Amino acid sequence: MLIRQAPDIRSSEITPEHLYRNRRQFIKATSGAALGAVSGASILGQYDGTVSAQQDIPDLVKSPFSTDEELNSFEDITTYNNFYEFGLDKGDPARYAHEMSIDPWSVRVEGEMNRPAGDVPIEDLLGPHTLEERIYRLRCVEAWSMVVPWVGFPLGDLIKRFEPTSKAKYVRFETLYRPDEMRGQRGPSLEWPYVEGLRMDEAMHPLTILAVGVYGKTLLNQQGAPLRLVVPWKYGFKSIKSIVKIQFVEDQPRNSWNVAIPNEYGFYSNVNSEVDHPRWSQASERRIGSFFRMRTQMFNGYADQVASLYEGMDLAENY
Amino acid sequence: MAVSRAKLWVFTAALAPLGLLLWAAATGGLTANPIEDITHRTGDWALRFLLLALAVTPIRKFTGWGWVADYRRMLGLFAFFYATLHFSTYLVLDFFFDFTLIFDDIVERRYVTAGFAGFVMLVPLAITSTRGMIRRLGGARWRQLHRLAYLAAIAGVVHYLWLVKIDIRPPLVYAVVLAVLLGSRIWFNYARRPARREVATPRVGADVG
Numbered sequence: 028m029l030i031r032q033a034p035d036i037r038s039s040e041i042t043p044e045h046l047y048r049n050r051r052q053f054i055k056a057t058s059g060a061a062l063g064a065v066s067g068a069s070i071l072g073q074y075d076g077t078v079s080a081q082q083d084i085p086d087l088v089k090s091p092f093s094t095d096e097e098l099n100s101f102e103d104i105t106t107y108n109n110f111y112e113f114g115l116d117k118g119d120p121a122r123y124a125h126e127m128s129i130d131p132w133s134v135r136v137e138g139e140m141n142r143p144a145g146d147v148p149i150e151d152l153l154g155p156h157t158l159e160e161r162i163y164r165l166r167c168v169e170a171w172s173m174v175v176p177w178v179g180f181p182l183g184d185l186i187k188r189f190e191p192t193s194k195a196k197y198v199r200f201e202t203l204y205r206p207d208e209m210r211g212q213r214g215p216s217l218e219w220p221y222v223e224g225l226r227m228d229e230a231m232h233p234l235t236i237l238a239v240g241v242y243g244k245t246l247l248n249q250q251g252a253p254l255r256l257v258v259p260w261k262y263g264f265k266s267i268k269s270i271v272k273i274q275f276v277e278d279q280p281r282n283s284w285n286v287a288i289p290n291e292y293g294f295y296s297n298v299n300s301e302v303d304h305p306r307w308s309q310a311s312e313r314r315i316g317s318f319f320r321m322r323t324q325m326f327n328g329y330a331d332q333v334a335s336l337y338e339g340m341d342l343a344e345n346y
Numbered sequence: 014m015a016v017s018r019a020k021l022w023v024f025t026a027a028l029a030p031l032g033l034l035l036w037a038a039a040t041g042g043l044t045a046n047p048i049e050d051i052t053h054r055t056g057d058w059a060l061r062f063l064l065l066a067l068a069v070t071p072i073r074k075f076t077g078w079g080w081v082a083d084y085r086r087m088l089g090l091f092a093f094f095y096a097t098l099h100f101s102t103y104l105v106l107d108f109f110f111d112f113t114l115i116f117d118d119i120v121e122r123r124y125v126t127a128g129f130a131g132f133v134m135l136v137p138l139a140i141t142s143t144r145g146m147i148r149r150l151g152g153a154r155w156r157q158l159h160r161l162a163y164l165a166a167i168a169g170v171v172h173y174l175w176l177v178k179i180d181i182r183p184p185l186v187y188a189v190v191l192a193v194l195l196g197s198r199i200w201f202n203y204a205r206r207p208a209r210r211e212v213a214t215p216r217v218g219a220d221v222g
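Sequence order for the protein chains is A and B. Residue 28 is where the first sequence starts when you use this note's numbering, and the numbers rise one by one after that. Residue 14 is where the second sequence starts when you use this note's numbering, and the numbers rise one by one after that.
Quick caveat, the hints were computed from the structure, so don't treat them as lab data. Remember, predicted model here, so these are calculated numbers, not experimental data. Hints may be right or wrong, so weigh each one.
Said to hold, decoys possible - Heads up, incomplete: computed chain A residues facing chain B, CB under 8 Å, no partners named:
| # | residue |
| --- | --- |
| 1 | 118 |
| 2 | 167 |
| 3 | 308 |
| 4 | 311 |
| 5 | 313 |
| 6 | 314 |
Where a beta carbon is used, it is the ideal one built from N, C-alpha and C, also for glycine.
Between the sequences and the hints, there should be enough to build the whole structure, so can you do that?
Shown next, in the form of structure tokens:
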């Protein structure tokens, strides 16, 4: 994949990964000690062979939207994943996602737009965009969270290129469907392909990005390579991975989790500490790597930027 | 009292899941979310040992192997042991005595309510597991009380079923095993009653566990 970049801030200005790793090893060692076992052993190397597929993305632009909270380690971000296309266990994506081939990759862009529909090779899709580092909180609907240094660009910038018409009220996304390379698609699970959607104003919001990397490198397959959505104020499952289709549509799309269990997962799925999942509380969360639970923030801490999108809406009704 | 060698082996084997857990903790094998992993492992083993303990009597009746009864108490106490670890993980590691959240959780989350109820039911069973308590209660009353084990197992399976997101196959496996065990009990109580009414006094084994 060819990734062009705008030189602005040198990668040397970004805190090196190994510093974060040291912190993580300390936490791992102390949590082991709490169990009566003492160790500083790392889980590095358990998933060898996958890291080598990564390319460096140098000279990333920093973003004012980034949080200065402590980052989760590269291992955490790449070994603890929900990507049901590769299995239901958090370790399955790291184990099996290498079976998916991502080169060549193209994205079908179609729907209510002035530009002609077409299959756009990923190089052309990314070409004009300046990549930024966006350090976001990620809150899973399962009440755990991470801080991830994404590399990406605003989805809105891409949408403008395709000139959606006034009929385009929503953006609908699809993940790759390729059962022979995605073993989770072969057994009983969600309906495939995985579908997600955003309202047009959510899609155009400057916080919403398409990500192509983390930690200054291209994404690993288990993270949704080569192209995924990141919507930091919504539960993680909204941030669809390995995108092959972007459609501009008039009607609200049915997202996969909503199809599977409609009374538990809605279309909006904004992080909301006051509206619980029917079966578990959303009031608190475990930040991966820290011992104490923390209280979940409204819109995952992005209320100042996004609360206005939902003014006048009943968020318990529109969960 | 001499403890048989076989019993020592079973006792040691029953500690293996804890050993594996500690090993994983020491070598960083508990995933990026160790507390969740510990919770799942201990919960799984509590349920497994409970079903094993409940399987002892049906196995004895079907096969006529009297010796299996010697393991029932140990297996039951191991179920309690892992359930206690499971609950302690929730209380200490997961919520660190944050009773506002915990109270909310137990009252409002039906899967937590079910799990908590199952754990509470195991407590009197563990307390009355000694020979002295069997004698004090009398065989009939003791047996009546210990039927709670089935209720606790139902609570445990329901607890599991209610917490999974989409794939209910793992808890369904437990549910099917439990249904077979309950079914065999009903079968013995009714279908075979005219032929031979068996009064099984609890067998007293070595005090381990």
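These are the hints, each one checked on the structure:
1. 118: 7 Å, holds
2. 167: 10 Å, violated
3. 308: 6 Å, holds
4. 311: Given a least distance of 6 Å, the restraint on residue 311 of chain A holds.
5. 313: At about 7 Å, which falls below the 8 Å cut-off, the nearest Cβ of chain B leaves the hint on residue 313 of chain A intact, so it holds.
6. 314: 10 Å, violated
Going down the numbered hints, you'll see the structure goes against 2 and 6, while the others check out.
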